[in-house]
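Asker: If you read the sequences in order, they're chains D and Y.
Adding 3 to a residue's 1-based position in the first sequence gives its number in the numbering used here.
Adding 3 to a residue's 1-based position in the second sequence gives its number in the numbering used here.
Think of the hints as simulated: they come from the structure by calculation, not from any bench.
We put the CB at the ideal spot given by N, CA and C, even for glycine.
Accuracy of the hints is not assured; some may be wrong.
[To be verified] Derived contacts from chain D toward chain Y, CB cut-off under 7 angstroms, selection only: (1) Gly48; (2) Ala52; (3) Pro105; (4) Ile164; (5) Gly168; (6) Ala179; (7) Leu183; (8) Ala194; (9) Ser215; (10) Leu263; (11) Tyr286; (12) Ile295; (13) Phe298.
2 protein chains.
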Amino acid sequence: MKLGFIGLGNMGAPMARNLLKAGHELVVFDIVQVNVDALIKHGEGRATAAVTPAAILSSGVDGVVTMLPAAQHVKSVYLGSDGLLSANVKGVVLIDSSTIDPMSAREVAKAARDKGALMLDAPVSGGTGGAEAGTLTFMVGGEESLFNQMKSLLQAMGKNIVFCGGAGNGQVAKVANNMLLGISMIGTAEAMALGVSLGMDPKVLAGIINTSSGRCWSSDTYNPYPGVLENVPAARGYTGGFGSDLMLKDLGLATEAAKLSKQPVPLGSLAQQIYQTFILQGYGGLDFSAIIKLFTKN
Amino acid sequence: MKLGFIGLGNMGAPMARNLLKAGHELVVFDIVQVNVDALIKHGEGRATAAVTPAAILSSGVDGVVTMLPAAQHVKSVYLGSDGLLSANVKGVVLIDSSTIDPMSAREVAKAARDKGALMLDAPVSGGTGGAEAGTLTFMVGGEESLFNQMKSLLQAMGKNIVFCGGAGNGQVAKVANNMLLGISMIGTAEAMALGVSLGMDPKVLAGIINTSSGRCWSSDTYNPYPGVLENVPAARGYTGGFGSDLMLKDLGLATEAAKLSKQPVPLGSLAQQIYQTFILQGYGGLDFSAIIKLFTKN
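Chain D with its partners taken away, still in its complex shape:
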């Protein structure tokens, strides 16, 4: 297929490279010229650049994938004066893999539908490592028939491609999961730090929790206490992994969505404030499991 790709940052660039690897031709756009140059060089003749998002459509692409930092960028790329929807998008498939709030995703999806485009929201989990390896999880909202047609395209960039329901539901699944993840990580950190301060060995405590009702991914797969697991950020000074600043972004999306839909999320809100506190202390670049630093002596 001939595809557009907009947003060649830490996530978008490896995703675009995996599309090239799968044999697709790309027409790309990014506001950072060096990102564009690098991708075109990597494409060895199968990637070209467009001067605006709208200009991608003039190249006769079958679809466009976007991977952008936040809702403001998505709105600008889709709804702006040189945006995708300012061009003729009738019958074109638009896939937004940015993580944004569900309301904005639905607003963009409606505008796309009104212009005759076919749209999916498809945020990912798996981080830059998953983007490089092509093992991302895609949580996809939109028409189910379109999802089924596009599944193999997404498999060039990911391993688990999950249908979540109508437009915006990919974003809903991601914010709900990641809010629970943030809560579970802080809860695991509090429980591990409390148990150790009261005299327990951290490995013994983790072993008990992991075979009991406190069991969770944050404890059995990604334990924040140093020395409990190997090959996790806690074993390497909390480098790599999923940054605390990205967790804060997702908790912000969750609490904002909850506010708009008048849903109480007391633990989610406190989790958002706790990560905000942590990041104010200068730890935004550390993996999100480093939150246990707030509950242990350094």
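We have chain D already, so just place chain Y on it with the hints.
Answerer: Chain Y only, in chain D's frame:
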């Protein structure tokens, strides 16, 4: 063995019956006479009654198991004027299966040790169902050699017998696990209610969480949203299971232990307050997964 057993309530009575079933002789004490009568009748000649905790020791028992509601009862039964430690306990094994704060457990263990007794704290999880079926989990603190000697005795009442380290560590493991459980359950309830309010199908959302990083026991084994899982309290109006009032008790123990050891547990504290709010509304008798009622329209 000839054993003492003190505390024949909803948990203690079935545990004592399982000891009889395993062939042990019992000398029992409870402040409620009908509980004593029922157990003696059940014992068919192998169970007798003592008039005080101390009187159990005069019967020449090898050990005593206690199963009491709270620390005040444990202190009274062990340290009171007619308590176990007022008698000759030299070489006698004392096993306290009550769930109490770790500091009280250590205070009692020290007093027992000073009198020459051998003591284990061995709180359980698994509820009345596990007590009846003999499938409880025992979290055990004390001397490891004593733990190894007593393991087969505890196996008459439970399935998983876990060594947690020195005196009081059984209680530490239980409060740490159950604090994380309370946090995870509220987090799961918030995430499920938020996702559904934003348009997701609860089964689809649970399926995504359960294969993602939000995965936890409260979501994949005990999901609070009605209709997601069969054979859980959410499928039968939140009857049976683990009462919200018992979860509040455990969160109270966790936050109190945290206060005494100056450990921050912000989510644990808020979880305690949320269950307190729920119970004030009259829901203490419902399973603790019913907390989702605070986040959904009834």
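Asker: Next, verify each hint and record whether it holds.
Answerer: So, going through the hints one by one against the coordinates:
{"no.": "1", "hint": "Gly48", "result": "violated, 38 angstroms"}
{"no.": "2", "hint": "Ala52", "result": "violated, 35 angstroms"}
{"no.": "3", "hint": "Pro105", "result": "holds, 5 angstroms"}
{"no.": "4", "hint": "Ile164", "result": "violated, 12 angstroms"}
{"no.": "5", "hint": "Gly168", "result": "holds, 6 angstroms"}
{"no.": "6", "hint": "Ala179", "result": "holds, 4 angstroms"}
{"no.": "7", "hint": "Leu183", "result": "holds, 4 angstroms"}
{"no.": "8", "hint": "Ala194", "result": "holds, 4 angstroms"}
{"no.": "9", "hint": "Ser215", "result": "holds, 5 angstroms"}
{"no.": "10", "hint": "Leu263", "result": "violated, 9 angstroms"}
{"no.": "11", "hint": "Tyr286", "result": "violated, 16 angstroms"}
{"no.": "12", "hint": "Ile295", "result": "violated, 11 angstroms"}
{"no.": "13", "hint": "Phe298", "result": "holds, 6 angstroms"}
Checked against the numbered hints above, the structure violates hints 1, 2, 4, 10, 11 and 12; every other hint is satisfied.
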